[in-house]
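K.L.:
Take a look at the letters that make up each chain.
Number of protein chains: 4
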Amino acid sequence: MKETIRELFNQSLENADTEDVKVLEQLLKGFLNSKKNSERPLISHLLNMEKTVDAETSYITTPINSITDNSFRIVHGGITATVMDTAMGILANQLLPEGYSAVTSNMNIHYIAPGIGEKVKASAKLIHKGSNTLVMEGSVFRDDGKQIAHGTGTFFIVPPNDGRKI
Amino acid sequence: MKETIRELFNQSLENADTEDVKVLEQLLKGFLNSKKNSERPLISHLLNMEKTVDAETSYITTPINSITDNSFRIVHGGITATVMDTAMGILANQLLPEGYSAVTSNMNIHYIAPGIGEKVKASAKLIHKGSNTLVMEGSVFRDDGKQIAHGTGTFFIVPPNDGRKI
Amino acid sequence: MKETIRELFNQSLENADTEDVKVLEQLLKGFLNSKKNSERPLISHLLNMEKTVDAETSYITTPINSITDNSFRIVHGGITATVMDTAMGILANQLLPEGYSAVTSNMNIHYIAPGIGEKVKASAKLIHKGSNTLVMEGSVFRDDGKQIAHGTGTFFIVPPNDGRKI
Amino acid sequence: MKETIRELFNQSLENADTEDVKVLEQLLKGFLNSKKNSERPLISHLLNMEKTVDAETSYITTPINSITDNSFRIVHGGITATVMDTAMGILANQLLPEGYSAVTSNMNIHYIAPGIGEKVKASAKLIHKGSNTLVMEGSVFRDDGKQIAHGTGTFFIVPPNDGRKI
Chain F
31 MKETIRELFN QSLENADTED VKVLEQLLKG FLNSKKNSER PLISHLLNME
81 KTVDAETSYI TTPINSITDN SFRIVHGGIT ATVMDTAMGI LANQLLPEGY
131 SAVTSNMNIH YIAPGIGEKV KASAKLIHKG SNTLVMEGSV FRDDGKQIAH
181 GTGTFFIVPP NDGRKI
Chain Z
31 MKETIRELFN QSLENADTED VKVLEQLLKG FLNSKKNSER PLISHLLNME
81 KTVDAETSYI TTPINSITDN SFRIVHGGIT ATVMDTAMGI LANQLLPEGY
131 SAVTSNMNIH YIAPGIGEKV KASAKLIHKG SNTLVMEGSV FRDDGKQIAH
181 GTGTFFIVPP NDGRKI
Chain S
31 MKETIRELFN QSLENADTED VKVLEQLLKG FLNSKKNSER PLISHLLNME
81 KTVDAETSYI TTPINSITDN SFRIVHGGIT ATVMDTAMGI LANQLLPEGY
131 SAVTSNMNIH YIAPGIGEKV KASAKLIHKG SNTLVMEGSV FRDDGKQIAH
181 GTGTFFIVPP NDGRKI
Chain U
31 MKETIRELFN QSLENADTED VKVLEQLLKG FLNSKKNSER PLISHLLNME
81 KTVDAETSYI TTPINSITDN SFRIVHGGIT ATVMDTAMGI LANQLLPEGY
131 SAVTSNMNIH YIAPGIGEKV KASAKLIHKG SNTLVMEGSV FRDDGKQIAH
181 GTGTFFIVPP NDGRKI
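Residue numbers (my numbering), protein chains in the order written: chain F, 31 to 196; chain Z, 31 to 196; chain S, 31 to 196; chain U, 31 to 196.
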């Protein structure tokens, strides 16, 4: 099995151009980082997400390259959704007491400009904290400052040791 | 540069367990497939998406593993959004005349059950075809048949050689 | 006080044309019906909503006239939202055990064609019934059969004698 | 015909309590105001909406009473949608050049607290102005300052003398 993979890797590297090499590097680094920091999901590592959080806002930055792009060479709507969901989810979980979790129950996204440039940056803030749900707002920007998406999300609050499989 | 990557690869493989090996295999196969079929975005290949389309419905299937999962070990909401957006976008583009493209302008998703099992399958169908937009419906199911997400999307119709950068 | 109102009524009737007379009739009949059937909200009576429900679908029909129209003389988006919310809410409540209530927590609507003609008809069906929420689908049609809106809604399930003010 | 209506009016007034009298007064004043100011739709007058607009925000205030309430005696979700859509639509239209109109193509609302008190106030601001659409944000508050709803909307820009029936 490991031999098959070594063969796949050699094929991958063989005709790799500069962009390809960068992509392979990001994927392998992401994989290795996920072994060291398994609290964050693998997809966060593969997309090389960097997070920063302050009291009221969370931020997720991810580099734009062929891993994030759709076939029009702009950031894939699903990737934009992924970084927005991640930014909102991180803040939602941070706002809850120890042991409680927040899981997305609804997400609505308006795509307003093409995602191009070096990286995208998602930010999230709280709209409403209720007893059962949190409503969050998410925004995604390019590095030239232009907003590419605006959205909102509802997160369910799951108590500690809740019977439910979340 | 290539040496750095070879080193990263060796580290990745060194302590890899069975699940890790499967993940590395899927990522490398995905990368290689994207070189052969560059019409589809890399993320589709990395997620090992398989598509089928008939006259009125498109389907996207993707295996569930640590590439798709969040830190609760259920499918990440952003990945669910990615497969739903892909299924809706494929059908939207297929419904347009040659040269026209459809780009997502709005997506709304209700997450209704945890994504677990072997794979998820997204399907999309048309709600409305207008002169400027298409409204699509997307559903995502587990392999036990349970629906995990339901959503709708608006797609802008971009004419051929449109001045706009989509 | 009642004299002021009588004066307002006389002014209303004085220069009323045929459409005006129909509107005044619908408003007054709606008001009177709300005194007889106070389980339904006044706005349902003012809009002369008729409901039918079967096991899996609920329907709300409302006549189109200047009460429903916006300044472009097509059905106001808020009225379309009102009939869709009503149709979804009626079915949601019917699907719950005695004493439980369903209250709207999220509604998303795509407006796809202008609301014109004699009446609009909203229908609702269930997408998902969970332990805390119901996800519903709503559609609104003209009497020529054309769909004017498509939407989804999340409804919270409120247990009997719940402490919360819903 | 007018005699029938006079009879309906007399019946309405006969057993009217103080709240009923206020409702009838608001409906009749709304009807009469719509004859004087026919640019705004009748429903705005019936709900006694007051609007204020400044450069970047529009506001709609409407009194809470049995016209706005649902059967739980809190503001009906459809009425909340109506005031939010109105606030967003007014600002959208104001932001466009003479002759252009904005029509709602999508609206998404999170209901976060029950609408109670004397009145609700909706505000709207611009998220994004594109060449074909505007994306707006709407918020609805009670008079004690608590937010009851948060939403977003997409509005299509309709050029002057556009062939389409909007």
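Treat the hints with care, since some could be wrong.
No copy is singled out in the list; a pair is fine if it fits within one copy or between any two copies.
In silico BS3-like pairs for lysine-lysine, Cα to Cα no more than 27 angstroms straight-line [as the list claims (entries may be wrong)]:
1. K59 <-> K32
2. K155 <-> K176
3. K52 <-> K176
4. K65 <-> K155
5. K149 <-> K32
6. K149 <-> K159
7. K176 <-> K66
8. K159 <-> K66
9. K32 <-> K66
10. K59 <-> K151
11. K32 <-> K52
12. K149 <-> K65
13. K32 <-> K176
14. K159 <-> K65
15. K155 <-> K52
In case anyone wonders, no lab produced these hints; they're calculated from the structure.
K.L.:
Now tell me if each hint is right for this structure.
P.N.:
Tested hints:
{"no.": "1", "hint": "K59 <-> K32", "result": "both (18 angstroms within a copy, 14 angstroms between copies)"}
{"no.": "2", "hint": "K155 <-> K176", "result": "both (18 angstroms within a copy, 18 angstroms between copies)"}
{"no.": "3", "hint": "K52 <-> K176", "result": "within (25 angstroms within a copy, 39 angstroms between copies)"}
{"no.": "4", "hint": "K65 <-> K155", "result": "neither (30 angstroms within a copy, 39 angstroms between copies)"}
{"no.": "5", "hint": "K149 <-> K32", "result": "between (34 angstroms within a copy, 24 angstroms between copies)"}
{"no.": "6", "hint": "K149 <-> K159", "result": "between (30 angstroms within a copy, 23 angstroms between copies)"}
{"no.": "7", "hint": "K176 <-> K66", "result": "neither (34 angstroms within a copy, 34 angstroms between copies)"}
{"no.": "8", "hint": "K159 <-> K66", "result": "neither (33 angstroms within a copy, 39 angstroms between copies)"}
{"no.": "9", "hint": "K32 <-> K66", "result": "both (21 angstroms within a copy, 23 angstroms between copies)"}
{"no.": "10", "hint": "K59 <-> K151", "result": "within (20 angstroms within a copy, 29 angstroms between copies)"}
{"no.": "11", "hint": "K32 <-> K52", "result": "both (23 angstroms within a copy, 10 angstroms between copies)"}
{"no.": "12", "hint": "K149 <-> K65", "result": "both (24 angstroms within a copy, 23 angstroms between copies)"}
{"no.": "13", "hint": "K32 <-> K176", "result": "neither (45 angstroms within a copy, 35 angstroms between copies)"}
{"no.": "14", "hint": "K159 <-> K65", "result": "neither (34 angstroms within a copy, 38 angstroms between copies)"}
{"no.": "15", "hint": "K155 <-> K52", "result": "neither (32 angstroms within a copy, 37 angstroms between copies)"}
When held up to the earlier numbered hints, the structure conflicts with 4, 7, 8, 13, 14, 15 and fits the remainder.
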